[in-house]
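S.K.: Build the complex from these two chains, which are given one at a time in their own frames, with help from the hints.
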Amino acid sequence: MSLFCCGHGAHHPITCIVPPYMLRVLALRGDPRTAEMARTLLKQTERLRDERAELMEAGLPPAQPLGTTAVAPVQDLCCPDRRIHDGQHKAALPGKLVRSEGDGPTGIPDADTAYEAAGQVFSLFAEEYGRNSLDGQGMPLVATVHHRRDYNNSFWNGTQMAYGTGDGKIFRTFLELSVIGHEMAHGVIQHSGGLIYENQSGALNESIADVFGSLSLQRALGQEVHQADWLVGRGILGPGINGAALRSMKAPGTAYSDDLLGQDPQPWHMDHFVTTTDDNGGVHINSGIPNHAFYLFCAYLGGRAWELPGRVWYRALQTLNNPMASFADWADQTMDAAIELTGRGSYETIMLRRAWKLVGIAI
Amino acid sequence: MIIDIAAQGGFGGISAAQMRKTIDVEDQPEQMRQELCDAFEPDELARLARQPCGDCADRMTYLITVTENSETHRFTLREAQIPPEMLDLIDQM
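Here the protein sequences line up with chains X and E, keeping their order. The first sequence begins at 1 in UniProt numbering and counts up one residue at a time. The second sequence begins at 1 in UniProt numbering and counts up one residue at a time.
Chain E with its partners taken away, still in its complex shape (with noise of 0.2 Å):
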């Protein structure tokens, strides 16, 4: 499973200071393996998706690409659509 994480909006909306990160799972630890194939299982990803978005001054927009066995799923998040344990994830990655 390969991840593709792409970051926009913020306070200062500038497009070129916004995080990318693409990670394979597969070359990650056990343990972290384990717990992003919960966290960005494409069901999981759309039933956030789907989830009321609140407030979103300033928050960031992750644009979430998940590719696995030739399929690929892509998905808007809002920052507050996502669970904070979610978040933490996609810091330590």
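Only chain X is shown next, with the shape it has when bound in the complex (with noise of 0.2 Å):
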């Protein structure tokens, strides 16, 4: 169960466990301390209720609803700090701050979206996973909106996350959570021990900053796994473009297939590794494999892929300890993890190593 919340002002542990009518109750009937209490604790769940609805509004699903976690946080864990810059459409780093922590809307929608998306991945690892921010000691989220002119793409550059607008053909935004996840997870990831940028430690980055995109996505839309689409980057093809999203998880290499992109590069196995000097050793095509492997994990266990499997996938990054590690490097410690996590020889374990065994990876 939740003790903590990610919404505006001051954190009080009571805000997310007793539920809205019992806080009238204790507003009424309280001693005049406990009545004070409740009341401002009422007043903080009609803020989050507003932010609610202007997700909604936005594009945004709401978050998970409260006391609803996995794991019980550390201490001293509560609230993002979230900096949201608009760049102006020119390449210098930060820019012009726009939105600070608890400040109201800018209306500047992709600031607002970059702003509530930031609060629901720092949630998804503070309430799920237990940490806290990106580099588990609070730092700031700052982000860029509106990089450079028609820039198609949106990055992590080991201190923040920078988002273009895309050019509005091939690329109409970079402005939603899958994206917004992944690109927070490679902050995660750089501060995890890292993994380097190229080959398959490099696709292996690509796929868990992934893997922790989807997971937001699907933790905010409240999905379980069989309700979730798998795909990363879903809308945000330009209007032209014969595809779904960028990457699927459940089915890579179908997420696209376009006259101008040509057919999803994505293998699911490997017997179709794709060997390439091309960006970084193929880092975005053969993330394919390692992340059919954790849907399809998933897929067997069923219900909420944050929980155990993400657990699961979160707890072999903070064990890795292996910036070079391969793809059966990468298995072999989520192994680890699933006995760790639920013991030798459980269901888990035998359905993660029918998973792996699956894509081409023996463990």
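Derived from the structure by calculation, the hints contain no laboratory data. It cannot be assumed that every hint is accurate.
[Unchecked claim] Below 20 Å or equal to it, Euclidean Cα-Cα: the simulated DMTMM-like pairs (lysine to aspartate or glutamate) are:
1) E:Lys21 to X:Asp167
2) X:Lys250 to X:Glu224
3) X:Lys96 to E:Asp88
4) X:Lys90 to X:Asp150
5) X:Lys90 to E:Glu35
6) E:Lys21 to X:Asp150
7) E:Lys21 to E:Asp91
8) X:Lys90 to X:Asp167
9) X:Lys96 to X:Asp81
10) X:Lys90 to E:Asp91
11) X:Lys90 to E:Glu85
12) X:Lys169 to E:Asp91
13) X:Lys90 to E:Asp88
14) E:Lys21 to X:Asp278
15) X:Lys96 to E:Glu85
16) X:Lys357 to X:Asp336
17) X:Lys357 to X:Asp332
18) X:Lys357 to X:Asp271
[What the hints assert, rightly or not] Label pairs and their computed distance ranges (CB to CB):
19) E:Thr67 to X:Asp278: 19 to 27 Å
20) X:Pro323 to E:Ala6: 22 to 30 Å
21) E:Asp91 to X:Asp329: 35 to 43 Å
22) X:Gly158 to E:Ala6: 34 to 42 Å
23) E:Asp27 to X:Thr106: 36 to 44 Å
24) E:Arg20 to X:His269: 27 to 35 Å
25) X:Ser257 to E:Thr67: 33 to 41 Å
26) E:Ala46 to X:Ile350: 50 to 58 Å
27) X:Gly158 to E:Asp91: 15 to 23 Å
28) X:Ala251 to E:Leu63: 27 to 35 Å
29) E:Arg74 to X:Asn242: 33 to 41 Å
30) X:Ile108 to E:Glu85: 19 to 27 Å
31) X:Met139 to E:Arg20: 50 to 58 Å
[What the hints assert, rightly or not] Simulated coverage check for chain E against chain X, where a stretch passes if three residues somewhere in it have a Cβ under 8 Å from a Cβ of chain X:
32) 1 to 10
33) 56 to 67
As the structure is a prediction and not an experimental result, all values here were calculated from the model. The beta carbon of each residue, even a glycine, is placed where N, CA and C say it ideally should be.
M.R.: Structure (structure tokens):
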């Protein structure tokens, strides 16, 4: 059960535990100190409700219902410190600060989406995995929207996120929760020992970013494994592009098929591993293999992917300690994490082994 | 001076979607011409290519070819190695 929340203003541990109807009773019947506290918490609850209404209007899913966390949070883990900047279509970072933590909406759609989504991603790592921000130490979540002109990209630069607008033809936006979760996950990976950004370790870096990007979206939508579309970057391709998304974890290689872009090149099995010098050794291509293994593991288990499967992947990332890890190294690490969390010979470990085997990696 | 720039990488990793620009500096207005000559001077590009890259997750790689007086110079620069002013110049080209 959650003991904290990520809305505006001060944090109070009772906020997420006590339902509003009980707070109303306390406000009426409690002693003066309790009644005052209850009134303050009711106001916070109303602000959260307003914030969710804003999210829905902006096309973003509401936050996970309070009080449904899987892992007890660490002490002193509370709230994000979001700082959203407007790059004003220039390359210099971070640009003009337009929204800080606790500020109301700016009216700049990209900035407000970046702010709300950063809160969703923070919430995933904090409430489910007990991690305080990207570095585990509460670092500010700095992001720049409107980065460069017609820029078909988003990235993590080691200290912050940056999002282009797209050129309107190939990409129409990068402000989508799975993309934002992906970029922020690069920060988590960097602060968890890192994975060298080339060849198999680079593809693992990409895959783990996709996993936590997808989990951010699924959790925000409250979707179980079989309800989710498992797409990364749904709706970000341009209006004339024949494709649903940038990548599919459920069916790598099927996200798009277009005259201009060609066919989605992602493999789902080691037999189709792509050897190339482009794209840092195909880091965005071969990530399809570990992506699909994660999807299969989740599909075998059912339920909420951000819970046990997400915890296994997160635990493996924290204990990997090998920046040059291969796919096989990573598969072994996830098995160690699964054994640690569920016990040797558990149903979960059997399903995990099956998932890796199905993509051509024996553990 | 002819400058050819081809980009690859990025979050999408879609090679067909990458930017490619070729520009004849002599055809540009005076101010732009001077800025381009300064920014894409081969010694300057070589210096940038030696800079540390830092974290390159999802960042673009630029393959830059400069042809001048029948001499061709090729450089591979990571986005993080290129100063913001030069990136703005590339976006304007």
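S.K.: List, from low to high, the hint numbers that the structure doesn't satisfy.
M.R.: Result: hints 22 and 31 break, sorted rising.
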